[in-house]
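**Student:** Sequence:
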Amino acid sequence: MPYVPLEWLREHVSVPTGTTAAQLAQDLVRVGLEEERIVPPAVTGPLVVGKVLTREAKEQSNGKVISYCRVDVGPEHNDAPGSGKEPSELPSRGIVCGARNFDAGDSVVVSLPGAVLPGGFAIAARKTYGHVSDGMICSARELGLGEDHDGIIVLDQWLAAHGHEGEELPAPGTNALPLLGLGEEVLEINITPDRGYCFSMRGVAREYSHATGAQFTDPADATNAGLYPHGLAPAGDGGYAVKIAADPAPVHGRPGCDRYVARVVRGLDPTAPTPKWMRDRLTAAGMRPISLAVDVTNYVMLDLGQPLHAFDLGKLHAPVVVRRAQAGEQLTFLDEVTRTLDPEDLVISDSPAGEGSRPLVLAGVFGGAETEVDERTTDLLIEAAHFDAVSVARSARRHKLPTESSKRNERGVDTRLAPVAAQRAVDLLVEYGGGTADPVATDLDRTTAPQPQLLRADAAERLTGVPYGTARVTELLEAIGCTVEPAGRDEQGQELLRVTAPTWRPDLVGPAHFAEEVARLDGYDNIPVVLPTAPAGTGLTARQQARREAVRALVAAGLTQVLSYPFIGEVHDLLGLPEDDPRRQAVRLANPLAEDAPALRTSVLDSLVEVARRNVSRGLPDVAVFEVGAVTHPAGTVPAPIVGVDRRPTDEQVAALEAGIPAQPTHVGVVLVGERQRAGVLGAAQPWDWADAVQVVRQVAAALGVAVEVGAPAEPVAPWHPGRTAELRLASVRRGKELVAGALVAHAGELHPRVCRALGLPERACAVEMDLEPLLDAVEAAGVLQVQAVSTFPAAKEDLAFVVDEQVTAAQVEQVLRRGAGALLEEVRLFDVFRGPQLGQGRKSLAFSLRLRAADRTLTAQETAEVRKRVVKQAAKLLGAELRA
Numbered sequence: 001m002p003y004v005p006l007e008w009l010r011e012h013v014s015v016p017t018g019t020t021a022a023q024l025a026q027d028l029v030r031v032g033l034e035e036e037r038i039v040p041p042a043v044t045g046p047l048v049v050g051k052v053l054t055r056e057a058k059e060q061s062n063g064k065v066i067s068y069c070r071v072d073v074g075p076e077h078n079d080a081p082g083s084g085k086e087p088s089e090l091p092s093r094g095i096v097c098g099a100r101n102f103d104a105g106d107s108v109v110v111s112l113p114g115a116v117l118p119g120g121f122a123i124a125a126r127k128t129y130g131h132v133s134d135g136m137i138c139s140a141r142e143l144g145l146g147e148d149h150d151g152i153i154v155l156d157q158w159l160a161a162h163g164h165e166g167e168e169l170p171a172p173g174t175n176a177l178p179l180l181g182l183g184e185e186v187l188e189i190n191i192t193p194d195r196g197y198c199f200s201m202r203g204v205a206r207e208y209s210h211a212t213g214a215q216f217t218d219p220a221d222a223t224n225a226g227l228y229p230h231g232l233a234p235a236g237d238g239g240y241a242v243k244i245a246a247d248p249a250p251v252h253g254r255p256g257c258d259r260y261v262a263r264v265v266r267g268l269d270p271t272a273p274t275p276k277w278m279r280d281r282l283t284a285a286g287m288r289p290i291s292l293a294v295d296v297t298n299y300v301m302l303d304l305g306q307p308l309h310a311f312d313l314g315k316l317h318a319p320v321v322v323r324r325a326q327a328g329e330q331l332t333f334l335d336e337v338t339r340t341l342d343p344e345d346l347v348i349s350d351s352p353a354g355e356g357s358r359p360l361v362l363a364g365v366f367g368g369a370e371t372e373v374d375e376r377t378t379d380l381l382i383e384a385a386h387f388d389a390v391s392v393a394r395s396a397r398r399h400k401l402p403t404e405s406s407k408r409n410e411r412g413v414d415t416r417l418a419p420v421a422a423q424r425a426v427d428l429l430v431e432y433g434g435g436t437a438d439p440v441a442t443d444l445d446r447t448t449a450p451q452p453q454l455l456r457a458d459a460a461e462r463l464t465g466v467p468y469g470t471a472r473v474t475e476l477l478e479a480i481g482c483t484v485e486p487a488g489r490d491e492q493g494q495e496l497l498r499v500t501a502p503t504w505r506p507d508l509v510g511p512a513h514f515a516e517e518v519a520r521l522d523g524y525d526n527i528p529v530v531l532p533t534a535p536a537g538t539g540l541t542a543r544q545q546a547r548r549e550a551v552r553a554l555v556a557a558g559l560t561q562v563l564s565y566p567f568i569g570e571v572h573d574l575l576g577l578p579e580d581d582p583r584r585q586a587v588r589l590a591n592p593l594a595e596d597a598p599a600l601r602t603s604v605l606d607s608l609v610e611v612a613r614r615n616v617s618r619g620l621p622d623v624a625v626f627e628v629g630a631v632t633h634p635a636g637t638v639p640a641p642i643v644g645v646d647r648r649p650t651d652e653q654v655a656a657l658e659a660g661i662p663a664q665p666t667h668v669g670v671v672l673v674g675e676r677q678r679a680g681v682l683g684a685a686q687p688w689d690w691a692d693a694v695q696v697v698r699q700v701a702a703a704l705g706v707a708v709e710v711g712a713p714a715e716p717v718a719p720w721h722p723g724r725t726a727e728l729r730l731a732s733v734r735r736g737k738e739l740v741a742g743a744l745v746a747h748a749g750e751l752h753p754r755v756c757r758a759l760g761l762p763e764r765a766c767a768v769e770m771d772l773e774p775l776l777d778a779v780e781a782a783g784v785l786q787v788q789a790v791s792t793f794p795a796a797k798e799d800l801a802f803v804v805d806e807q808v809t810a811a812q813v814e815q816v817l818r819r820g821a822g823a824l825l826e827e828v829r830l831f832d833v834f835r836g837p838q839l840g841q842g843r844k845s846l847a848f849s850l851r852l853r854a855a856d857r858t859l860t861a862q863e864t865a866e867v868r869k870r871v872v873k874q875a876a877k878l879l880g881a882e883l884r885a
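Per full-length UniProt numbering, numbering through the sequence shown is continuous, rising by one, with the last residue being 885.
Just so you know, these hints were derived from the structure itself, not from any lab. Wrong hints could be hidden among the right ones.
[Claimed, not checked] The calculated label-pair distances, taken between Cβ atoms and stated as ranges, are: (1) GLU168 <-> PRO229: 23 to 29 Å; (2) GLN664 <-> ARG10: 53 to 59 Å; (3) THR217 <-> VAL440: 27 to 33 Å; (4) ALA327 <-> HIS230: 42 to 48 Å; (5) PRO716 <-> PRO665: 19 to 25 Å; (6) ALA471 <-> GLU336: 58 to 64 Å; (7) THR17 <-> THR44: 15 to 21 Å; (8) ARG10 <-> LEU169: 23 to 29 Å; (9) THR533 <-> ALA855: 40 to 46 Å.
[Claimed, not checked] As a list, the in silico DSS-like pairs of lysine-lysine whose alpha-carbon atoms are at most 30 Å apart: (10) LYS315 <-> LYS243; (11) LYS276 <-> LYS407; (12) LYS844 <-> LYS877; (13) LYS400 <-> LYS315; (14) LYS873 <-> LYS797.
No residue lacks a Cβ here, since even glycine has one placed at the ideal position from N, Cα and C.
Kindly produce the complete structure, drawing on both the sequences and the hints.
**Tutor:** What follows is the structure, given as structure tokens:
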């Protein structure tokens, strides 16, 4: 995030004296620049200039020599007569100091009691070496100004070393914080990706001007006599040789580099220090000063927003070539790491004799070590270029190099800024490094001017509801640098404007962007708060309503709803799934949250069993939980191609993307562990068992008005017990003489003992895996449910016991009874199952109770007898059932 020192900001825009960082944040947030934080000054409290009046050196018993000094710190801070402190003939303070590089008459920097130095070091009066030290005479390291701790700061020497030789020394008591550049708060702001120009003091100053109306002076204006006294160097023959190679891999048709400016500075003093003001600004902006050449390029980048790069000219071999990297090409970077480049990477290279083309810099991202500026560099080549934002962004992410340069280049840099930034860097190097600039610049300019765009004058009004008017819209767009011209009217008679965005705003590419700028500059607080009118509709869809009814039914059954992460690891081994089980075919994530859970679940039980296990392991033995969520089935998924973002995808591309999305049906998982009802005075404990698991599915189906049939699975299904598992399906459908089973809805029953042990669950734990999709489909197909009136006529009852083969299920018999009884059947219930030798080997008796009722009459004995006769006949014909006497 960019840092904004107020003193630096004032160089470009009129910030009132006394403005605090908090006030600056309030002004900038009005134009969309949010405060990230306010960085407090490095030193707080009283830090003043002092003049040493006397210095009395004393050697201590340990051999250390200390000095007791009387220091004049100004009338406001000197000891008052009669204060009880150590007496002195002159107004001053007594301070003990261990340094020896100063004497009486020197001006020094004194931190008084109440000051807090870097590192949280608080200054207070204390007695030491037999004297009261009422403050501290400071060194550079103690104030965070450098690593020098051999002696304290002597102001005349300090000022001379930092470019202020011959200036009059400040009077005792003068505030030393601004003198040393220590007393200013710094605002850190949050920049959205479309506002890349605000990664510079130039951009922030412009936005402050928009927010407050303060006068803004563009530092990139080459006619600014203060910053560019000689203007820009002419471009032409005689400049350093540069070539932009034909781009074989343009990103979305855009070349990797469309402007390259090169400037040469010779005879630079490699020992020349960076001026203090520049080091202070770099430090305040969060960058570490390194050397004059590097500091100048960083400073100009922070000031103007144009990334620069400095080459050691003595290590270069003309010409410099901008090109794409070759496959397998390697580059050793400034961090001493050698990385293999990608053919899409844009590089700056040269051509040493006999060596071929060698890459030197990953363009717009990070420099290489071969042409690095070092302590012996005297001749420099300054690069200021405009690179394609997408190309830079991809290279930075590909090599994991998010540099200050890439942050700006990938957001878009002003295409007209390169020669101005290069000139500014050259002027600073000449002024502070003693170098000489070559009179001719190299400027390969292949940029295109922003194209005019047609905009409805009321575009912002249509989006915000604020009646700005054409004059106000024109005023606001021109304030950000746009050119606005009337363009007639459209077919509907609406006024049109022809708007050309400035070169520093590459984000303004459509009417909505210009409308946003109008709303932003006019003030978001001027947009009225209006609650939108909810459109008339039918509420929840049938599927949504059914899903909520399913949840209500599960809660009514005494279960607790939970949510678990849908990411799984080796749980299929714990559940005992066979190696060829389709549920083992899970979608693996390219970037999983956890290395031990890299896949998406194929059933809700995959993740729900872990919830149950965790509860049991933490002392909660009775668990009844359920989860409604999506599972992922990759079968039939076709890999989808990567679609570009430069245009709307075609219908064929959308279809291909949808084909690449695996099926994600909604499932319900249930785990029942421990006791359903605890033991008490009213009876013994009742544990959850397989019948409860089956009943859970029945309750959900009943709540949705869908009939289901219960049967035994044809073969064992993991992770359930092979003899205590039920398979529930939609009601069978008769097609001719064939009875076709309905869609599978759920498996329910006890978990296999091996699975319980593997998961750490108690024995006889039960579970359900229910596919909610067939039930929801049935609800949708049924449409609106027709509710019948409750009949007031009496019911007739018939009890029937059928002897059937052992393999015939109660559900099959029930289905025959329902079909045979027809519309008169109100309820059928199994109330007895009997097996005995009198029935024969492999036979059983199933006793059902039927309740019959008509809506408009009392049933006669003949009608009930006909129903009885009909169901007995159909049971015998379809199932071979015999009526038990």
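**Student:** Does the Cβ-Cβ separation between THR217 and VAL440 fall within 27 to 33 Å?
**Tutor:** Because 28 Å falls inside the window, the suggested range holds.
**Student:** For LYS276 and LYS407, compute the direct alpha-carbon distance and say whether it is at most 30 Å.
**Tutor:** This hinted pair holds, its Cα atoms lying about 27 Å apart.
**Student:** For LYS873 and LYS797, compute the direct alpha-carbon distance and say whether it is at most 30 Å.
**Tutor:** 18 Å, holds
**Student:** For the pair THR17 and THR44, does the Cβ-Cβ distance stay inside 15 to 21 Å?
**Tutor:** 20 Å, holds
**Student:** With respect to the beta-carbon atoms only, verify the hint that GLU168 and PRO229 lie 23 to 29 Å apart.
**Tutor:** About 27 Å separates the Cβ atoms of GLU168 and PRO229, which means 23 to 29 Å holds.
**Student:** Looking only at beta-carbon atoms, does the pair GLN664, ARG10 fall within the given range of 53 to 59 Å?
**Tutor:** About 57 Å separates the Cβ atoms of GLN664 and ARG10, which means 53 to 59 Å holds.
**Student:** Taking only the CA atoms, is the gap from LYS844 to LYS877 under or equal to 30 Å?
**Tutor:** At roughly 17 Å apart (the allowed maximum being 30 Å), LYS877 and LYS844 satisfy the hint.
**Student:** Given the range 23 to 29 Å, decide if the beta-carbon distance of ARG10 to LEU169 lies inside it.
**Tutor:** 25 Å, holds
**Student:** Would the pair LYS400 and LYS315 pass a check requiring their Cα atoms to be no farther apart than 30 Å?
**Tutor:** 27 Å, holds
**Student:** Quick check on a hinted range of 42 to 48 Å for ALA327 and HIS230, using CB atoms only.
**Tutor:** 45 Å, holds
**Student:** Do the alpha carbons of LYS315 and LYS243 lie within 30 Å of each other, as the hint requires?
**Tutor:** Cα-Cα ~18 Å, so holds.
**Student:** Return holds or violated for the Cβ distance of ALA471 and GLU336 against the range 58 to 64 Å.
**Tutor:** 59 Å, holds
Every hint from the earlier list agrees with this structure, and none is contradicted.
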